[in-house]
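Chemist: These are the residues of each chain, in order.
Number of protein chains: 2
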Amino acid sequence: MNEVTNLLKSHRSIRKFTSEPVSDELINEIILCGQAAATSSNIQATTVIRVRDSGKREKLAELAGGQGYVHRAGAFLVFCADLHRSQIACEMQSGSFSEGMTEHFMIATVDVALMAQNCVVAAESLGLGICYIGGIRNNPQAVSELLDLPDQVYPLFGLCLGYPDQDPDVKPRLPLSVVLKEDSYQDAGDVAGIKIYDEQIRSYYKSRTGGKKDSCWSEEMKALVGKESRPHMREFLRKRGFLMK
Amino acid sequence: MNEVTNLLKSHRSIRKFTSEPVSDELINEIILCGQAAATSSNIQATTVIRVRDSGKREKLAELAGGQGYVHRAGAFLVFCADLHRSQIACEMQSGSFSEGMTEHFMIATVDVALMAQNCVVAAESLGLGICYIGGIRNNPQAVSELLDLPDQVYPLFGLCLGYPDQDPDVKPRLPLSVVLKEDSYQDAGDVAGIKIYDEQIRSYYKSRTGGKKDSCWSEEMKALVGKESRPHMREFLRKRGFLMK
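Keeping their order, the protein sequence lines are chains A and B.
Sequential numbering of the first sequence, starting at 7, is according to this note's numbering.
Sequential numbering of the second sequence, starting at 7, is according to this note's numbering.
To be clear, the hints were calculated from the coordinates, so they are not data collected in a lab.
Since the model is a prediction, treat every value here as computed from it, not as a measurement.
Be aware that one or more of the hints could be misleading.
Computed far set for chain B versus chain A, every beta-carbon distance over 10 Å [stated by the list, open to error]: (1) Ala42; (2) Ser92; (3) Asp189; (4) Ile202; (5) Glu205.
Calculated lysine to any residue pairs in the SDA-like style (CA-CA distance at most 20 Å, straight line) [unchecked claim]: (6) Lys251(B) to Gly106(A); (7) Lys251(B) to Glu241(A); (8) Lys177(B) to Asn48(A); (9) Lys219(B) to Gln99(A).
Label-pair ranges, simulated between beta-carbon atoms [unchecked claim]: (10) Ile202(A) to Ser16(B): 37 to 47 Å; (11) Gly217(A) to Leu182(B): 17 to 27 Å; (12) Ser19(B) to Ala229(A): 31 to 41 Å; (13) Ala229(A) to Gln206(B): 45 to 55 Å; (14) Glu188(B) to Ser100(A): 44 to 54 Å; (15) Asp59(A) to Pro27(B): 45 to 55 Å.
Note that CB positions come from ideal geometry on N, CA and C, so glycine has one too.
Modelling step: build the complete structure from the supplied sequences, incorporating the hints.
Modeler: Okay, structure coming up:
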């Protein structure tokens, strides 16, 4: 429809990067674009840690489940949800921080994601490729210690950035009719829509892997939500001061 | 730096819209752009409910704390975190859905925010203005009932879209040095940065309101995190099947 919508619709994760570094100037511009995203009650609850230290990068790649591109990408950022800063601000005004509210956790988490997605759009517009790294939540305690995160801060995801050294296809998504509903939640057509998508994504995987990957969306969902996922998460968050009430 | 980064950096919330409606074609394009955002393990955990029904819009405006633009904007979308769909898919494969995992809640919540922010960028590139409506979490149970949301689905925020009938200034953000750190979380300079920002935002509010609003960021943070916020949230989410373990 226009250049921006074309850019958005051409997103695919990049996991192989050239050795060209990402300049400080670009990173700063990307973060400024991220900061411009909407933020709930102007809380600005995101802190980004750019990890340059090679030893830390290697350790993070390992903690994320052996994702080598965390070490090798032109830049690696850890996006943290941060209520520590607003706690400090509150205390600067002689206020007393209300710890552990689920709502504050949600505000902070959403803030991080909105900012990160703006960073991603900016990065891709500047010719970079990106890959979100949810794997840093495999061991969020170790990540927190590695980055000296105080209480009221937790690492939500990482972001690899760099100049792409691959050109994968865009992954098809669920039919629009399944995700966009009108006036109320009606799921009568969803099973049919999922079945259509199942075959579409099966073809996509097959053609992308030369027939090796033979899977579909509902099978992926069984593997994802049909079992416990990162069961340490609740206890970790509570220990950092989140989700207590 | 380029047209996209200029677009991102020019964001401001719009709360006053012309009466021009937003076409279905635009809404569909915006949602397609949203769907193209990264999604954790391809879960695509977002459902968007476009509310057209005037009675429902009026009710939502009221539930959001009397925000009339929820009723009057050219379009209003409710962004829901949806694990119900992946539950169905899991069960299509004879899997048994693992209910209430905190990690699944986080994946779904982040998915919604990434998709929404892509929608926002697309909308703004198409000449629309937007405003996120966190106020639908004032009474999420009533919103859920109004939109017939099943269990495993919750309304995260609303989004007003429309053609702007105002032209507010861009709101200044915290200094880059406060939100972007290197290799570890060091907050030694943060209080100084917050103080600079406090004065900057105080001037912004004053000039925008003709001197009426005399407040700063740390005062706002005291009002926000210095007290309980939406204390019903944890219980509501548990009743919908989230955050149980």
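Chemist: Compare the structure with each hint and give your call.
Modeler: Here's how the hints hold up against the structure:
1. Ala42: 5 Å, violated
2. Ser92: 4 Å, violated
3. Asp189: Violated, because the least Cβ-Cβ distance between Asp189(B) and chain A comes to about 5 Å, which does not exceed 10 Å.
4. Ile202: For Ile202(B), whose nearest Cβ neighbour in chain A is about 13 Å away, the distance exceeds 10 Å, so it holds.
5. Glu205: 13 Å, holds
6. Lys251(B) to Gly106(A): The given pair, whose Cα atoms are some 16 Å apart, holds under the 20 Å limit.
7. Lys251(B) to Glu241(A): 9 Å, holds
8. Lys177(B) to Asn48(A): 9 Å, holds
9. Lys219(B) to Gln99(A): Given that 20 Å is the threshold and the Cα spacing comes to 17 Å, the pair holds.
10. Ile202(A) to Ser16(B): 37 to 47 Å: 39 Å, holds
11. Gly217(A) to Leu182(B): 17 to 27 Å: Between Gly217(A) and Leu182(B), where Cβ atoms are some 48 Å apart, the hint is violated.
12. Ser19(B) to Ala229(A): 31 to 41 Å: 39 Å, holds
13. Ala229(A) to Gln206(B): 45 to 55 Å: This hint holds: roughly 49 Å between Cβ atoms.
14. Glu188(B) to Ser100(A): 44 to 54 Å: Violated: the Cβ-Cβ distance is about 32 Å, outside 44 to 54 Å.
15. Asp59(A) to Pro27(B): 45 to 55 Å: Given about 53 Å between the Cβ atoms, the range holds.
The structure does not agree with the numbered hints 1, 2, 3, 11 and 14 stated previously, though it agrees with the rest.
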